[in-house]
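Work the whole structure out from these sequences, hints included.
Chain residues, written in single-letter form:
2 protein chains.
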Amino acid sequence: MKKNKLTKLVTKIFINHGLNKNHAIICAAALVNAELVGAPSHGLSRLKMYCERIKKNLINPKPKIKIKKISQSITHIDAKNSIGFIAADIGMKEAIKNAKKTGFGLVGIKNSGHYGLSGYYAEQAVKKNLTTLVFTNAPPAIAPHGALKTLFGTNPICFGTPTDSKIPFILDSSVSMINRGKIRFAARTGKKIPPGVALDKFGNPTTDAKKALRGVQLPIASFRGSGFAWMVDILSGVFTGGNHGGKVKDPFDDFSGPQNIGHLFIVMKSNIFVGNYSERIKENIKRIKKLPKIKGIKEILYPGQNKFRRYKKNYNKNIHISEDVKKDIDSLIS
Amino acid sequence: MKKNKLTKLVTKIFINHGLNKNHAIICAAALVNAELVGAPSHGLSRLKMYCERIKKNLINPKPKIKIKKISQSITHIDAKNSIGFIAADIGMKEAIKNAKKTGFGLVGIKNSGHYGLSGYYAEQAVKKNLTTLVFTNAPPAIAPHGALKTLFGTNPICFGTPTDSKIPFILDSSVSMINRGKIRFAARTGKKIPPGVALDKFGNPTTDAKKALRGVQLPIASFRGSGFAWMVDILSGVFTGGNHGGKVKDPFDDFSGPQNIGHLFIVMKSNIFVGNYSERIKENIKRIKKLPKIKGIKEILYPGQNKFRRYKKNYNKNIHISEDVKKDIDSLIS
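Line order of the protein sequences matches chains A and B.
Residue numbers for the first sequence follow our numbering, so the first one is 30 and each next one is one higher.
Residue numbers for the second sequence follow our numbering, so the first one is 30 and each next one is one higher.
Just so you know, nobody snuck in bad clues.
Since the list gives no way to pick out one identical chain from another, each pair is judged satisfied if it fits inside one copy or across any two copies.
SDA-like mimics (lysine to any residue), calculated; alpha carbons at most 20 Å apart, straight line:
1) K178 <-> R316
2) K315 <-> F252
3) K318 <-> T192
4) K37 <-> S351
5) K278 <-> M78
6) K98 <-> K109
7) K98 <-> K130
8) K322 <-> F231
9) K37 <-> I358
10) K126 <-> I99
11) K298 <-> S100
No lab work stands behind these hints, which were simulated from the structure alone.
So, in structure tokens, the structure goes:
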């Protein structure tokens, strides 16, 4: 389906579900962007879920979002169970404004929901020539080191900075070894999963996808990844007033209450300490790209480059819509 | 050797090498602390190296450190080739002061050197009930993803926050799979190294320690760890005015110039967004510790707990000094 047609359809669906036009456009743009950058798991496959949570009063389509200015640099936002996209959009705009004014912006958000890709918000800051760290927690997906039960979300660490080219440096990395979707797919098709990504329900390593689904997923790099996930849970949950410690509800499965996710945005003027930031980052990337490469590697890519290429490639093409998503859209538009 | 006697000896050595008494005490305390927390690789084994760099005019024992206040929250420090301990100590104190005053402190430091353990500085902020992120880059140790040459340092990501107990939450995690020292030890003793931690000089995976030493070490979690290392290089090097992109010199091997390492300290009031931070973090840790455990695991520990236990255990004991270090001290004191 053509990008513009799809965006209009999704916008209309959100308006039908009670969002005002401006908010509906922001949400539709975020979902379509996820398709364009090749992250369909964060795209239209979630549309129905968002609408269901609105219908069940777990997302407020017309939230009275409270923006509390603590200083010219620091803002606390109570998103009042807004859909995550709107809370994050407002929060990042506020952080950008603060950073432009004072060199630095810190925004904590509570009572929000899943907002899609962290990198999408980091990009907004980078487009204004700012450097940013973005943290959000997520529903339980991986086990803390030593535990036999999932508790931390995939809790991404996200960092963005301008590069003196039109392709921003956007690192947006979850701290889980493997996507839960991939394990589900392997279980359905009878395939094995790689070693070292999951334990069975007794805590033994397994490559059996079905056993892994009943067990736990592992963080990257053992205790180190567990520590990173814990850090993100504290920064985005404990620190902001959001849910934490395994209390963020799964948006697909758990309709017992709102998610109350927290987000933390740190935004800094890239040239706050050095006048020639763009020259310096250009030189940094140049040096690394020039290194001798492993056989079979044509180019050393910086984080965000692959995603940008997918975006560019997909931009003028029709967006592929699966049968499931087609059905979702048909049922939601009527 | 008794802790106090050792600290006095090391202080005297630094004074003999031109540091003023106050600076010498700070440096000695950092080195002895590394021994107490069980990180001797960052302790006295480095004393001789620091002294050699002073003698060769690569570290300035009496630096005229320039502290440039950009705002009440933001400070830029030119450490003028100070020994890393002093630059970091001044920088963290400044970041703490800024955070106490405005809720938030951002300090960038350039022209510094190796400062030991990031967690040591994070602890200083946590003791004042603040939450902190600490970044520093380091000499080349690991290869960027796809490259056949080391460039990034072990580039730790460090995060600290108070816990409502006397044991702070201090995550201080390098992004390399294995310590270079461990590979050197395996090569000397003819032992294998674990799979997945290094490549030989042709870019093939190897468990042969000697081949690994001629090849490259790998970051944690493949492209993800490479991205984290790159992020830290940008934040602490490109952003602050420090060296970056593989230009930080190895302090042991390379006497062709000062290191010019950069550090970045982000410090925030823990209760800036929520009034009950200490209750919230207590609840967070409690929930995670209560999870069912993998067989053989007695307790789920948060980052920093193990280190604190080692510190407590070692505090009243004699510090073990290796023959090499004894020789270093004898030659430096005379």
